[in-house]
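A.B. asks: The lines below spell out each chain.
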Amino acid sequence: MSPPLLQLDNLSVSYRTRRGAVPAVVGVSLDLAKGESVGLVGESGCGKSTIAFAIMRWLAGRGEIVGGRVLFDGRDMAEMSRAELRQVRGKRVAMVFQEAMSALNPCLTIGSQLTEVLRFHEDIVGPAATKRSLDMLSEVRIPDPERVFRAYPHEISGGQQQRVVIAMALLANPALLLLDEPTTGLDVTVEASVVKLIADISRRFGTSLLYISHNLALISRVCERIAVMYAGEIVEAGPVRQILDHPVHPYTRGLISCLPEAGADKIARPLMPIPGQIPAPWERAPGCFFQPRCTYAVAGLCDSAHPPLVDLGTGSSVRCIRAGEIEGEPIIAVPGQQLAAADGVAVAVERLSKDYTLTPPGLRGLLPFAEPLRIKANDGLTFEAETGRTLAIVGESGCGKSTFARILTGLERATGGSVEVGGTNLARLSVIDRSREQLRSLQMVFQNPDETLNPSYRVGKQIARVAKRLLTLGRKDRATRVRELFAEIRLPAGIADRKPRHLSGGQKQRIAIARAFVGRPDIVIADEPVSALDVSVRAAVTQLLMEIQRTHGTTLILISHDLALVRYVADTVVVMYLGQVMEAGTTTQVFSAPHHPYTEALLAAQPRLDGNQEPVAPVEGETPSPLEPPVGCPFHTRCPRKVGTICETTRPPEQVTAEGHRMACHIPMAELARVQEKVLA
Amino acid sequence: MTDTTGMRNPTFWSLLAESPILVAGASILAFWLLVAIFAPFIAPFGPNENLVPMALPGDRTPGGRTMWLGADHLGRDVLSRIIYGGRTVLTYAPLATLCAYTVGVTLGLVAGYKGKWVDELLSRFADLVLAFPVIVLYIVIIQKFGASGVNILIAVTLASSPGIMRLVRGVVLDLRTRAYVSAAQMRGESTLYILFVEILPNARGPLIVDACLRLGYVTITIGTLGFLGLGLPPPTPDWGGMINESRHFALVFPHMAIFPCIAVSSLVLAFNLIADGLRELSLAD
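Same order as they appear, the protein sequences are chains A and B.
Residues in the first sequence are numbered consecutively from 2, following our numbering.
Residues in the second sequence are numbered consecutively from 5, following our numbering.
Since the hints were made in silico from the structure, they are not lab data.
The C-beta atom is built at its ideal place from N, Cα and C for all residues, glycine as well.
Cβ-Cβ distance ranges computed for the label pairs, FRET-style: (1) B:R208 - A:D498: 18 to 24 Å; (2) A:E65 - B:L38: 40 to 46 Å; (3) B:G209 - A:D356: 33 to 39 Å; (4) A:A349 - B:L132: 47 to 53 Å; (5) A:I647 - B:D178: 42 to 48 Å; (6) B:T106 - A:S82: 56 to 62 Å.
Chain A extracted, bound-state conformation (with noise of 0.2 Å):
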């Protein structure tokens, strides 16, 4: 057997900080033959990115490998001169980082950036360079490859910027190509159809590759093994198939469990979330890292001697002291509770539209009596969500699901049709217009836990002002009402005096939950509340959100383009596509055939954990600007199941069946029915 192209031997890595050494990676070993590519799966800070950084010895100052080696092609990555690390980063072993546009420079052409590589690493100049740029721009299919190559980094997509940065990092031929988080923050179906490319391309050229990913569905789409980390160490690594079927680490069975499953509802099986955090390096437990979250741990025996990585004979090593004996124990599940039945319809909207008018780029902007530019960003929403329960609005960035939330809770006025509730139009109410009772009914969970806190206050103070102009309680009531939350959010009392940088994402994330059930509303709509968080934290959010609105009987109006976590979560469901709705129904209707053919690109682009591991790319290109979006059914330029020029011409009409399942699609609804089963079965 030829020698392993990487090679991490024991490697270590510490950060300098105030605190003094910080060890953020321990003792890594890891093996990546030629052609191989190897998943690395774990939460933030669990020092993933640390290697790939590690790797091509590039720990921007602070950093330090304080023990092991690496070796790349037998050769120690230590002792390279300068001059040696500059020809083997690039040209032997390239990385594609999380943010193309950073990756990118925004003063020169993409032409210039690609022709640059060739120059530097392999000599090629002129037309030759332009060529192989060329060449290599369409091997990452991307539509249009002159253009691109005259165009700058800001004048494509972001989908597109993270194929030219793969098309970069492919075009000196290297051995080993290190990805890491690289379809973070694109959308689903572009994120599915860079990862196909990613996983052909390896194939073709040969290269090896690192994956550094927290989606452990999406790495198993590409990869032949994984090693998962926790803390700074790996605790589980083999074959994929073994880890994801077979998985022995109660960490690795808590990764898998806290997924929503395709298919599973939320009262047959609710979400398992690991309890706790990870924990910073300087508090990590003694003995095993992960005992204190874990669910197995034996007082005595875990939290005495740290395990050590154990080859279990099956192709894959675990670092468990319990492996044995836990191996065959099932996963245990909490049965959820049943819904109470809907009465009535807490918010109707009807016809709901909303404009953006945007001075035109450029010079002509200037001019006065320039045309101002309109962006539709909600185009006649029709929907009802029912009382007491849960509605999923889906759709990928751009389609003007957050436009309406702004347009619900009166931040932004609609400039047509309506939005009922509780008898009055709210479409054009703006929020210093509403009364205190329409304010307090009407409550909304933020997305970015970093910024839905005010930086400056104590944590309890934010959540007491609310109780105070909601509910106009005294001082000594307001306290009350903040304990009675924090109960239920169930975080200690005492964070209430912490700022919010000193809390976690997730605590940041369930404040913001409890600030926005200070008043006990009605309704509350909640933009895509767990997307940034960490997986395992998103499912403990996500159970506490429903666990909140079940208890307090609250409508929900859910935003997200996670379709598991949609499935799991919501009882009816809207998909929206460049303001328009495509498909509304129940969310057993909608997510089982027909399908309107968005939805069902975008039901294929959900990664998932079960057998199918060939990567698919349900649908080619992106979402248009909706500064000219497509004329017809907005959704023909990408449409696989196009039926002809109609598409192109004419507004799909709206389809209903008697059970309430709508969509706006040319094809009858009985035909798409057929098709569908055919693929699916």
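Got chain A sorted already, so can you dock chain B onto it with the hints?
C.D. replies: Chain B alone, transformed into the frame defined by chain A:
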């Protein structure tokens, strides 16, 4: 690593230790503050005491006491005048900066938060003032209303607040889109509350750095006004005024000009060092 739970809060002193520039700036400022506060105890003579005209540094008075930095054309001790002059500048520079900030911050908050025509109006007015040569502006104001402490404050406020307004407006444009501002609107807070309680405290980072820099500029401005004879009325010890009075004698008796110049420069330097240090610290985290 986003989790900072259990992290020690860095103390004031450990922060100082991390930025030598900040320490240097703070030391110089502390020196001048102490000098100004204890002026009557430190100064060897009164600021307006007539001793020996044009005495050179190190000369003695008839009473046998040394005038370390010499005396000016009216026989006043330069060292003592610098010491008392510190009081003038360290009173008026912070006061003027404070006034400019009060006006600039308020207008900036309103312009950034309200946007639309309010922003348009305020920003264009700010452009107008900023486009006007500052020195001419000072001369016009003070010639018209006369040289006095209050008029200096008014002049500095008028000239500096548009810049502050611009800075605050920019920060607010970013901060007003934060979810906590939306949350405040959704519980029916007044605009005033949102501006001063929700937004302003989070803009403090860039504002503190800018305030230190601006203190430096205002120090120079007060010096300039003094030099142009637009500062405080004559017998008051004032660094700019001292440099002005030395004009005719500077070639022969440079000590009259050099020492007040060093005083002004060192104080401006102190403010700039502090601003740099604070910026360095804010970037480090």
